[in-house]
Amino acid sequence: MYIGNLLRWSTLLAVVPIFLVIVLPMIYGENQSKPSLPIALFSAALIALCIFLLFWLPIVIYSIIIQARSVGILGEHLYTITPDLFTEQTSVNKTESSWLSIKSVRMNKYAIYVIVKPYSMHILPRRCFNCQESYINAYNKIKSCHQNA
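Residue numbering for the sequence shown follows the working numbering, starting at 4 and increasing by one per position.
Among these hints, one or two may not hold up.
[To be verified] Here are the simulated lysine-lysine pairs, PhoX-like style, with alpha carbons at most 25 angstroms apart: (1) K106 / K146; (2) K146 / K120; (3) K120 / K106; (4) K97 / K144; (5) K106 / K144; (6) K97 / K120; (7) K146 / K112; (8) K120 / K144; (9) K146 / K97; (10) K144 / K112.
In short, the hints are calculated from the structure, not lab data.
Make a model of the complete structure from these sequences and hints.
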């Protein structure tokens, strides 16, 4: 996530030194000695580096905090299928859905989708199953529990 932000700020920082190289001679004015081009470029690069660090560090710290909070989203999920409930359990929470609350169950070659709402679903990736047979058996069990509700 923070890589996209980093690229946006890096683009901004690519413009800052060019701007500063143009502005620095104006700051010194006509009556004072103007800095040489290497000094102006060095000053611009140093200012750009400071600005880069000023924006980069909070982005990295923020992304670390967000990743620490999203353990329940990205971590391990345990799904339990019973005739009454479809249960998802993570290290953070436990969600129980009755089969009546589930809108539909779909499957393709990549995953089983248990659709609760148009914007909320449980995704069971095929790679999490030992073999193709257990993948199909899980889909059939979920589908039959959903249809019998």
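Evaluation of the provided hints:
no. : hint        : result
1   : K106 / K146 : 11 angstroms, holds
2   : K146 / K120 : 16 angstroms, holds
3   : K120 / K106 : 7 angstroms, holds
4   : K97 / K144  : 21 angstroms, holds
5   : K106 / K144 : 16 angstroms, holds
6   : K97 / K120  : 18 angstroms, holds
7   : K146 / K112 : 16 angstroms, holds
8   : K120 / K144 : 20 angstroms, holds
9   : K146 / K97  : 21 angstroms, holds
10  : K144 / K112 : 17 angstroms, holds
The earlier numbered hints are all upheld by this structure, with none contradicted.
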